[in-house]
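Trainee: The task is simple: from the sequences and hints, build the whole structure.
2 protein chains.
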Amino acid sequence: MRRIEKELKDKQDLKKILKDGKYTIISLCKENEPYIVALSYGYDESKHALYIHCAKEGQKIDFITANPHVCGIVIEDNGYKEECGQTYRSVVFRGKMEVVRDIQEKKYGFDVLLNQLEENPNTIKNKFLKKDETYENSGMLRVDIIDITGKEEKAESQ
Amino acid sequence: MRRIEKELKDKQDLKKILKDGKYTIISLCKENEPYIVALSYGYDESKHALYIHCAKEGQKIDFITANPHVCGIVIEDNGYKEECGQTYRSVVFRGKMEVVRDIQEKKYGFDVLLNQLEENPNTIKNKFLKKDETYENSGMLRVDIIDITGKEEKAESQ
Numbered sequence: 004m005r006r007i008e009k010e011l012k013d014k015q016d017l018k019k020i021l022k023d024g025k026y027t028i029i030s031l032c033k034e035n036e037p038y039i040v041a042l043s044y045g046y047d048e049s050k051h052a053l054y055i056h057c058a059k060e061g062q063k064i065d066f067i068t069a070n071p072h073v074c075g076i077v078i079e080d081n082g083y084k085e086e087c088g089q090t091y092r093s094v095v096f097r098g099k100m101e102v103v104r105d106i107q108e109k110k111y112g113f114d115v116l117l118n119q120l121e122e123n124p125n126t127i128k129n130k131f132l133k134k135d136e137t138y139e140n141s142g143m144l145r146v147d148i149i150d151i152t153g154k155e156e157k158a159e160s161q
Numbered sequence: 004m005r006r007i008e009k010e011l012k013d014k015q016d017l018k019k020i021l022k023d024g025k026y027t028i029i030s031l032c033k034e035n036e037p038y039i040v041a042l043s044y045g046y047d048e049s050k051h052a053l054y055i056h057c058a059k060e061g062q063k064i065d066f067i068t069a070n071p072h073v074c075g076i077v078i079e080d081n082g083y084k085e086e087c088g089q090t091y092r093s094v095v096f097r098g099k100m101e102v103v104r105d106i107q108e109k110k111y112g113f114d115v116l117l118n119q120l121e122e123n124p125n126t127i128k129n130k131f132l133k134k135d136e137t138y139e140n141s142g143m144l145r146v147d148i149i150d151i152t153g154k155e156e157k158a159e160s161q
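As you go down the protein sequences, you meet chains A and E in turn. The first sequence: position 45 = 48 (our numbering), numbered continuously. The second sequence: position 49 = 52 (our numbering), numbered continuously.
Only true hints are included.
Derived pair list, reagent style DSS-like, types lysine-lysine, alpha-carbon separation capped at 30 Å:
#1 A:Lys-154 x E:Lys-99
#2 A:Lys-25 x A:Lys-157
#3 E:Lys-19 x E:Lys-128
#4 E:Lys-14 x E:Lys-110
#5 E:Lys-154 x A:Lys-25
#6 A:Lys-128 x E:Lys-84
#7 A:Lys-134 x E:Lys-9
#8 E:Lys-18 x A:Lys-33
#9 E:Lys-110 x A:Lys-9
#10 A:Lys-14 x E:Lys-33
#11 A:Lys-130 x E:Lys-154
#12 E:Lys-25 x E:Lys-110
#13 A:Lys-9 x E:Lys-22
#14 A:Lys-157 x E:Lys-25
#15 A:Lys-59 x E:Lys-33
#16 E:Lys-50 x A:Lys-33
#17 E:Lys-128 x A:Lys-154
#18 E:Lys-59 x E:Lys-22
#19 A:Lys-130 x E:Lys-9
#20 A:Lys-84 x A:Lys-25
#21 E:Lys-84 x A:Lys-84
#22 E:Lys-9 x A:Lys-110
#23 A:Lys-50 x A:Lys-130
#24 A:Lys-12 x E:Lys-59
#25 E:Lys-157 x A:Lys-59
#26 E:Lys-154 x E:Lys-22
#27 A:Lys-18 x E:Lys-84
#28 E:Lys-133 x A:Lys-157
#29 A:Lys-9 x E:Lys-128
#30 E:Lys-18 x A:Lys-84
Note that these hints are calculated values from the structure, not bench results.
Mentor: Rendered as structure tokens:
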């Protein structure tokens, strides 16, 4: 086996990885101090943005208030191959992250998120998201993607 | 199902996750610009450090030359549970990353790395790592871990 590394150039491939992913890992920095966090998300193709549900306070919020620029990765893990290494497809994006405060956009963001993550999004919505109050009390972030690149590492028989 | 989030406090649990992981995602920053990269690694308990094999040049090297402070994550992904969310155990570490230049330490680092990643590390060593030249031409990084924290998100029947 040998490992083949190649750049994924087709934007549709990159968007597919973003649509299929369940969580992203995001790099933030403040005064040259790096920070990292794993977050569930939903990708909205029309806005080319990610919606993320999170607590209303915490380190993430402190970091993006100081510096909204983020860099994130979504990995489609295809396993470790002996004598070859980790095989995967990944998308790395740079973007700006901001707190969503408008309740209509929060509702929209939850739709994006639940449609991507859940098999029965409406069941969850009817159970947990019936009142405006629930949206008001929930934190939501949006990452506007500035650019994305993709990479594939795969194994091939020699 | 409901999701339970808890801090993993037992240092042995955290070290176990570092020992079992195949790759880590690392956040770097330079002049307040964040960067992210996924890398295979081996964890050396005696030095409380990660060894990473990489190219001798590239963005990672530029970033750590400007700022050696990194923040990384190792995720033990336990899958997405409907109506509950992503379940996983994770370790987040802060540390300093530097380029390993000493050939003896490179050999040691490759041992750590291959012992963690491969089922038959000696086969690989005999095949690819017989000459000093190979070590000289290979890039290696070490992350000295300053602190680690761990988190567990799991599903529990209500």
